[in-house]
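K.L.:
Protein chains in written order, with this note's numbering: chain A, 36 to 307; chain B, 36 to 307.
Mixed in with the good hints, there may be bad ones.
Any copy, or any two copies together, can satisfy a pair, since identical chains are not distinguished.
As the list claims (entries may be wrong) - Listed next, the in silico SDA-like pairs over lysine to any residue satisfying Cα-Cα at most 25 Å (straight line):
#1 K129 / E286
#2 K297 / C264
#3 K129 / P98
#4 K149 / E107
#5 K129 / D176
#6 K149 / Q239
#7 K297 / R137
#8 K149 / A231
#9 K297 / S260
#10 K56 / A160
#11 K129 / E302
#12 K297 / P112
#13 K297 / E197
#14 K129 / E83
#15 K129 / R294
#16 K297 / R269
#17 K149 / E286
#18 K129 / G232
#19 K149 / G114
#20 K129 / R284
#21 K37 / E150
#22 K297 / G153
#23 K56 / E181
#24 K56 / F304
#25 K37 / G282
#26 K37 / R294
What the hints contain is simulated information worked out from the structure, not anything from laboratory work.
2 protein chains.
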Amino acid sequence: MKIVVYGLGLIGASVAASLKKAGHYVLGKNRSRESISYAIEHDMIDEEALSYEGADVVVLALPPRVTVRLLEEGAFPDGCIVMDICGVKSAPEKAAFSVPRRWRYVGTHPMAGKETSGIRSASDALFAGANFVMTHASQSDPAALETVRFLARDMGFGRIVECSATEHDRMIALTSQLCHVAANAYVTTPLSAGCAGFTGGSFQDMTRVAPVDERMWAELFCMNSEALCEEIVRLSRRLDEFAAAIGDRDEARICTLMREGKACYEEFFRRN
Amino acid sequence: MKIVVYGLGLIGASVAASLKKAGHYVLGKNRSRESISYAIEHDMIDEEALSYEGADVVVLALPPRVTVRLLEEGAFPDGCIVMDICGVKSAPEKAAFSVPRRWRYVGTHPMAGKETSGIRSASDALFAGANFVMTHASQSDPAALETVRFLARDMGFGRIVECSATEHDRMIALTSQLCHVAANAYVTTPLSAGCAGFTGGSFQDMTRVAPVDERMWAELFCMNSEALCEEIVRLSRRLDEFAAAIGDRDEARICTLMREGKACYEEFFRRN
Chain A
36 MKIVVYGLGL IGASVAASLK KAGHYVLGKN RSRESISYAI EHDMIDEEAL
86 SYEGADVVVL ALPPRVTVRL LEEGAFPDGC IVMDICGVKS APEKAAFSVP
136 RRWRYVGTHP MAGKETSGIR SASDALFAGA NFVMTHASQS DPAALETVRF
186 LARDMGFGRI VECSATEHDR MIALTSQLCH VAANAYVTTP LSAGCAGFTG
236 GSFQDMTRVA PVDERMWAEL FCMNSEALCE EIVRLSRRLD EFAAAIGDRD
286 EARICTLMRE GKACYEEFFR RN
Chain B
36 MKIVVYGLGL IGASVAASLK KAGHYVLGKN RSRESISYAI EHDMIDEEAL
86 SYEGADVVVL ALPPRVTVRL LEEGAFPDGC IVMDICGVKS APEKAAFSVP
136 RRWRYVGTHP MAGKETSGIR SASDALFAGA NFVMTHASQS DPAALETVRF
186 LARDMGFGRI VECSATEHDR MIALTSQLCH VAANAYVTTP LSAGCAGFTG
236 GSFQDMTRVA PVDERMWAEL FCMNSEALCE EIVRLSRRLD EFAAAIGDRD
286 EARICTLMRE GKACYEEFFR RN
């Protein structure tokens, strides 16, 4: 298939590299020439895309607001599949389906990343075994969905989950966005400057995603404001329950709270 | 040196195994015979300790409340060094120093662990490169502190941090106890049962320590109630700030909050 990947950052370049490795003809489009040269040199793309002409698939691997704007403008060839990789799915879907189109939209969310961004962190193995979420709506084209399923396998994903954009956004508020909010909130304390030597693995793991790109994440948070706020407030209230029990030195109550958490955790891993 | 390790769980058996490997003569004391047999079979101890007689060092690797009780009772040989590995340090120190003793107390906290507990998870390499905190007070014996420093190196720790019990407890509230509270609070949601397929690495890392032994942790939380509550409330209030900014879709304010977190994170890693 002829595939144009627009945006050669960590995710875009990894999409390009893994699809090229799987035998597709991959063209790259990017604002900076440097990433194009890097991608060609590192065998991530076949050549630069000068237009979308003849593309079977266009992958938009761009920041959320730019993605939404391009989907609204809708300047893609008739019949081609346009797939975005944005971390929220309702806003891009709305942009794509708000007016009738001659191209076919499929929303996706590759559940993989790194703390470092940019093409230098990209790899054709980034998605190996990871989760791939695809969203569908009544307007979705079944053949386009089927093509994207094949591409997900070609990229190396381990599991494909299909759901509505709304369900995606509700789950992702918990499984991804809240992690970034909580990790960042966690480290925001004057004590963190003095805690070298006092940390084990749990602090490192808890705070790993604290220093992500705030502009991209702020866009994502605002595009999923309602679901995310609900999760933040839930976590905050649960912490207050812990503070009350610990303040009272009420071991029985603390144990009850922790057992409730463990039960949820085990339920999660039983199904996962 | 002749060392008695009392309590052959994950930490105790790893202390025993690493000290034996370093050439010390290590005896094990444990309620269940099974762990003694396992430790002898797996070369973690030389033999069972039938008493503390002749011990240069006694390591108490027991749950917090039992540790405090044994230190209060104080039935250790004259001159011997008694070292505990409890995750809080003010309570054991107070128990040890509340009356004059003929044995010498040194509080320690090996900053290493696993999600799994028990002797079967123990290893002579558990502490390789990890942080080791030792506490001292005006009553501490300098020669005992020096001996414990050597033992920490023998166990393979990478860095030794020395401070007061109060400072330890204040830092540990942030770097360890709050992680366990936050991870547990994080997963306590009906959504966690449905989120299989929607998770990347950040959710796994964020919730890794959620299912720890609630009884031991409840004891630790209650022994450090004040410092821990302060950290829980700080995190909870910070989350509320995020919720307010995200609820208002105020990207500038979200970016400011996240940049403050990033600055703390970077300050931490600059010093660590």
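K.L.:
Against this structure, judge whether each hint is valid.
P.N.:
Results for each hint:
{"no.": "1", "hint": "K129 / E286", "verdict": "between (49 Å within a copy, 21 Å between copies)"}
{"no.": "2", "hint": "K297 / C264", "verdict": "both (23 Å within a copy, 21 Å between copies)"}
{"no.": "3", "hint": "K129 / P98", "verdict": "within (16 Å within a copy, 55 Å between copies)"}
{"no.": "4", "hint": "K149 / E107", "verdict": "neither (29 Å within a copy, 49 Å between copies)"}
{"no.": "5", "hint": "K129 / D176", "verdict": "within (15 Å within a copy, 70 Å between copies)"}
{"no.": "6", "hint": "K149 / Q239", "verdict": "both (15 Å within a copy, 14 Å between copies)"}
{"no.": "7", "hint": "K297 / R137", "verdict": "neither (49 Å within a copy, 44 Å between copies)"}
{"no.": "8", "hint": "K149 / A231", "verdict": "both (24 Å within a copy, 20 Å between copies)"}
{"no.": "9", "hint": "K297 / S260", "verdict": "between (28 Å within a copy, 22 Å between copies)"}
{"no.": "10", "hint": "K56 / A160", "verdict": "within (10 Å within a copy, 40 Å between copies)"}
{"no.": "11", "hint": "K129 / E302", "verdict": "neither (33 Å within a copy, 41 Å between copies)"}
{"no.": "12", "hint": "K297 / P112", "verdict": "neither (50 Å within a copy, 42 Å between copies)"}
{"no.": "13", "hint": "K297 / E197", "verdict": "neither (27 Å within a copy, 34 Å between copies)"}
{"no.": "14", "hint": "K129 / E83", "verdict": "neither (30 Å within a copy, 70 Å between copies)"}
{"no.": "15", "hint": "K129 / R294", "verdict": "neither (41 Å within a copy, 31 Å between copies)"}
{"no.": "16", "hint": "K297 / R269", "verdict": "both (17 Å within a copy, 24 Å between copies)"}
{"no.": "17", "hint": "K149 / E286", "verdict": "between (38 Å within a copy, 23 Å between copies)"}
{"no.": "18", "hint": "K129 / G232", "verdict": "between (49 Å within a copy, 23 Å between copies)"}
{"no.": "19", "hint": "K149 / G114", "verdict": "neither (34 Å within a copy, 53 Å between copies)"}
{"no.": "20", "hint": "K129 / R284", "verdict": "between (50 Å within a copy, 18 Å between copies)"}
{"no.": "21", "hint": "K37 / E150", "verdict": "neither (30 Å within a copy, 46 Å between copies)"}
{"no.": "22", "hint": "K297 / G153", "verdict": "between (37 Å within a copy, 18 Å between copies)"}
{"no.": "23", "hint": "K56 / E181", "verdict": "within (20 Å within a copy, 58 Å between copies)"}
{"no.": "24", "hint": "K56 / F304", "verdict": "neither (32 Å within a copy, 37 Å between copies)"}
{"no.": "25", "hint": "K37 / G282", "verdict": "neither (62 Å within a copy, 41 Å between copies)"}
{"no.": "26", "hint": "K37 / R294", "verdict": "neither (52 Å within a copy, 40 Å between copies)"}
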